[in-house]
Structures are given as structure tokens and as C-alpha cells.
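Peer 1: Following the hints, put chain B in place on chain A, whose structure we already have.
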Amino acid sequence: MAMTCYTDWKFIRAGATSKTKGLLRYLEYREDRYNHHPRAAGPERWIDCGLGRGWREILRNASELQTGKVLLRSLVIRPPQELVAQLQAIDPKLWNDRLKLMKEVVDRVMGAEMERAGIQRPNGSRQPLDLPYSHVIHAGAEKEASKARTPT
Amino acid sequence: MIVPAMDRDRERPFNVYLKDTQHTREVARRETEHLFQLEKGSVTAHLSSPGKLPSARGTSRWTRTGIPHLEGVS
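Heads up: the protein sequence lines correspond to chains A and B, in order. Number 14 in the working numbering belongs to position 14 of the first sequence; there are no gaps in the numbering. Number 36 in the working numbering belongs to position 36 of the second sequence; there are no gaps in the numbering.
Treat the hints loosely; a few may be bogus.
[What the hints assert, rightly or not] According to the in silico footprint, chain B covers these stretches of chain A (three or more CB under 8 Å from chain B):
| hint | region |
| --- | --- |
| 1 | 5–16 |
| 2 | 59–71 |
| 3 | 79–86 |
| 4 | 91–103 |
| 5 | 113–126 |
Honestly, the hints are just simulated from the structure, not real lab data. Quick caveat: nothing in here was measured; it's all calculated off a predicted structure. Here a beta-carbon is modelled for each residue, glycine too, at the ideal position from N, C-alpha and C.
Extracted from the complex, chain A is given alone in its bound form (with noise of 0.2 Å):
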């Protein structure tokens, strides 16, 4: 079987403010369409990589970046979930670390996009662009184990 990986980059258009408080509110108080995600005495939702920790404040600094055409952009990456769930039952620790090991994935990923989206230096190398990014794990998996969910 072919190991893939889904991700899928969307953005939302210059000025449509209202739009992106409703994705980013989204991405903090929901799980998926159903499930609703508390507000208070949750875990940190949101992992700041410098743009922000909460929704107003990813807006704010969202707003401040935006562009002529678009306010922000959107990656979701879902690992293959068949496979992840198999390591629970194969390798007890990995499956223990998946959230710390998913995030990790984030961080390369972004880092692999900010070298991409980069300066070409003069003698071939890249100045990676500085990004800064705030991501949400969510997972499924901590409240029914035989589910791994964890799109980004």
C-alpha cells in the first residue's frame, strides 16, 4: 500500500474579515462539524509559532500581513490515518508521542515551505522566508483511541 499524505492549502480573500473569524473560530472551538470543543478547562488549543494563540489575535496579526488579494492562507495535513491507528497495537511509544511527533511534521513542513518561498542568494543558497504561523492538532484519538485523527 502507498503511504499518502492529504494536505490542502486554501486562502481567504484580502478584507474578508468576518470570514476569517469564523475559520478561526472554528479551528479553536470545534473538533470536526459535530463536535464541539469547550471553551474553558481545555488544553492550549492553538500552538503559537508566532502569529497568535487565540483566534483575535491571529486575526489581528493575520490582518496586519495581508496582501492586495489575500488576508491568509490555510494548510490542512492529515497523516495516513489507517496506518497511524496500527501503531498503537505495534508501537505502544510512538503512538504515545503521535501529538509531539505530528507537530513536529508541522514544523518541517513550514520549514521546508519558508526555504521554497525564500531569496535566492548569489551563491546558490536560500534565505528561507520568515514566517511566522499558528497551527491547531486536532485529535480525535485522545477521546476514542481507535481514532486517529489529527489533521492540522
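Peer 2: Chain B alone, transformed into the frame defined by chain A:
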């Protein structure tokens, strides 16, 4: 993951074109495979005896429905 449209210094835009999406997917696949140690074959080898393993059901609603509010790559 939420990424702004420009870099921190507001000097350069961060663009994602169609050709870049394949690069993102390839990096995500490679890093997932490496970090979760899926390349060893230890996981995929078990696919031949799925009865011993947790169910693969429960795929994310995210990929079935997508996230609302968003538009495709520009």
C-alpha cells in the same frame, strides 16, 4: 495551520501556486513516514493481517467535508 500572506517584515508575499501543493504533499509524506517510522515496513506489513489490528474505520470528517470558509489555492 494558519499562515499570513506576507513574511514577518511585510517585505515578501508568501505565494502558493498549484505546482507548490505537490511539494508540500511530498514533504508532509516524507516527514510523516520518517517521524512515525512508517518506512520500516513494520506497520504496512501488518496490513496483511488486519484482524489483529485496530479498525481503520473512523476516517476524519475533515477530508469528507473539508473545512468551511475557504477557497482553493490562488
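Peer 1: Which numbered hints turn out to be false for this structure?
Peer 2: none
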